[in-house]
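Taken in order, these protein sequences are the chains called R and A.
Note that this note's numbering has the first sequence beginning at 1, numbered continuously upward.
Note that this note's numbering has the second sequence beginning at 212, numbered continuously upward.
Do not rely on the hints blindly, as some may be mistaken.
[To be verified] DSS-like, lysine-lysine: derived pairs with alpha carbons at most 27 Å apart:
no., chain 1, residue 1, chain 2, residue 2
1, R, Lys125, A, Lys336
2, A, Lys265, R, Lys54
3, R, Lys125, R, Lys54
4, A, Lys336, A, Lys265
No wet-lab data here; the hints were simulated from the structure.
Each chain, written out:
2 protein chains.
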Amino acid sequence: VTDKSGNAKRGGRRAGNSGTREAVLATARRQFSRLGYDRTTMRGVAAEAGVDQKLVGYFFGSKHELFVAATTLPFDGPISVAAVLGGDAQERGERLARLIVGLLEDRDAGPSMVGLIRAAAAEQKAARMVREMLTEQIWGPAASALPVHNPQLAVNLIAMHLIGLVMARYVIGVEPLASLSEDQVVRLLAPMLLRHLTQLSEGGEVTSPFG
Amino acid sequence: VTDKSGNAKRGGRRAGNSGTREAVLATARRQFSRLGYDRTTMRGVAAEAGVDQKLVGYFFGSKHELFVAATTLPFDGPISVAAVLGGDAQERGERLARLIVGLLEDRDAGPSMVGLIRAAAAEQKAARMVREMLTEQIWGPAASALPVHNPQLAVNLIAMHLIGLVMARYVIGVEPLASLSEDQVVRLLAPMLLRHLTQLSEGGEVTSPFG
Numbered sequence: 001v002t003d004k005s006g007n008a009k010r011g012g013r014r015a016g017n018s019g020t021r022e023a024v025l026a027t028a029r030r031q032f033s034r035l036g037y038d039r040t041t042m043r044g045v046a047a048e049a050g051v052d053q054k055l056v057g058y059f060f061g062s063k064h065e066l067f068v069a070a071t072t073l074p075f076d077g078p079i080s081v082a083a084v085l086g087g088d089a090q091e092r093g094e095r096l097a098r099l100i101v102g103l104l105e106d107r108d109a110g111p112s113m114v115g116l117i118r119a120a121a122a123e124q125k126a127a128r129m130v131r132e133m134l135t136e137q138i139w140g141p142a143a144s145a146l147p148v149h150n151p152q153l154a155v156n157l158i159a160m161h162l163i164g165l166v167m168a169r170y171v172i173g174v175e176p177l178a179s180l181s182e183d184q185v186v187r188l189l190a191p192m193l194l195r196h197l198t199q200l201s202e203g204g205e206v207t208s209p210f211g
Numbered sequence: 212v213t214d215k216s217g218n219a220k221r222g223g224r225r226a227g228n229s230g231t232r233e234a235v236l237a238t239a240r241r242q243f244s245r246l247g248y249d250r251t252t253m254r255g256v257a258a259e260a261g262v263d264q265k266l267v268g269y270f271f272g273s274k275h276e277l278f279v280a281a282t283t284l285p286f287d288g289p290i291s292v293a294a295v296l297g298g299d300a301q302e303r304g305e306r307l308a309r310l311i312v313g314l315l316e317d318r319d320a321g322p323s324m325v326g327l328i329r330a331a332a333a334e335q336k337a338a339r340m341v342r343e344m345l346t347e348q349i350w351g352p353a354a355s356a357l358p359v360h361n362p363q364l365a366v367n368l369i370a371m372h373l374i375g376l377v378m379a380r381y382v383i384g385v386e387p388l389a390s391l392s393e394d395q396v397v398r399l400l401a402p403m404l405l406r407h408l409t410q411l412s413e414g415g416e417v418t419s420p421f422g
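Only chain R is shown next, with the shape it has when bound in the complex (with noise of 0.2 Å):
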């Protein structure tokens, strides 16, 4: 995760200490849960932090990266990965599926993982730092684990399932898919997923020409 609190030259302001980002970083993580993505704002983290506004943007630069830079994931990759891969090679698709929707539809876990897709899809430095903290702590641990051809590409296209199923279902609203159970949902999905997780599936149509 990037930020700016090494940098003293930009305003010529010097950098707060790390006991001050960490707890507007704190503040922050308050906010975005109670208040949500859209009502929370730089000012607001700021005045209950008790720090200046302009100090919240120069650690930070916007909403959007104050937002990613909060963000923990909810749930342990590596323990993740290995739960969905072990057991019965045919219902990884099912268990996957049961834990990213199980996710989405936490009321804790399901807004920050909303909200770290929507701040990605807002701005350039956004995406990028999802893009670093999702490779490290999800997509890498489950690329070596993955027993497919081209494991890298397959956690893309997983990757891109739940990104598409976020925007679709939560952000934009198409219906019937956002108002289908959770269940519905699971099921699905995880025809889905299966081929992704699987090398066998399909005839490996996904991994098999680029090789």
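Starting from the structure of chain R, add chain A where the hints point.
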């Protein structure tokens, strides 16, 4: 598409005439196309259109909303639907994949489509406008023509793949997906889309649970 030109209450200002609104939209279209989404500003559009920046805000609310209002879909919905569904049913996936990837790689159409999804991600009002526009111009015609059991849901899932691809390949830039050739992406996408376009593909998991 919703706008505020019919509402004379806000701030007590009279709505400008529709000629002014159209001139602002035409200027916005030029600037978004020339400068891209990030570098286009409400201020710059107002300056080139020769109107007060506040008037642009009054008509369109935000840059996201201005972008959606200025966007003309770079294809004809019903004609594209007919072209994808005509001919061999087993090649529908590939025809749709070629249509989608061709648009996204086009130097004019691509940035419009990516910008539309970024605008929807950034703001609820823009998301609603995108949903209305797409439902009217593509998803509606596609759902009436699709020979599957639950065509609305099938259209949702195709949209989910398209949006996921845009975000993963063009916005977040996950690798190796972001570096694949147009042809490689078509080959990846075709079998994923085919299952939503053909009732009998893969046992109909997509449509049967909620038919």
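So, going through the hints one by one against the coordinates:
1. R:Lys125 - A:Lys336: 23 Å, holds
2. A:Lys265 - R:Lys54: Between A:Lys265 and R:Lys54 the Cα gap is close to 26 Å, so the pair holds against 27 Å.
3. R:Lys125 - R:Lys54: 19 Å, holds
4. A:Lys336 - A:Lys265: 19 Å, holds
Of the numbered hints given earlier, the model fails none.
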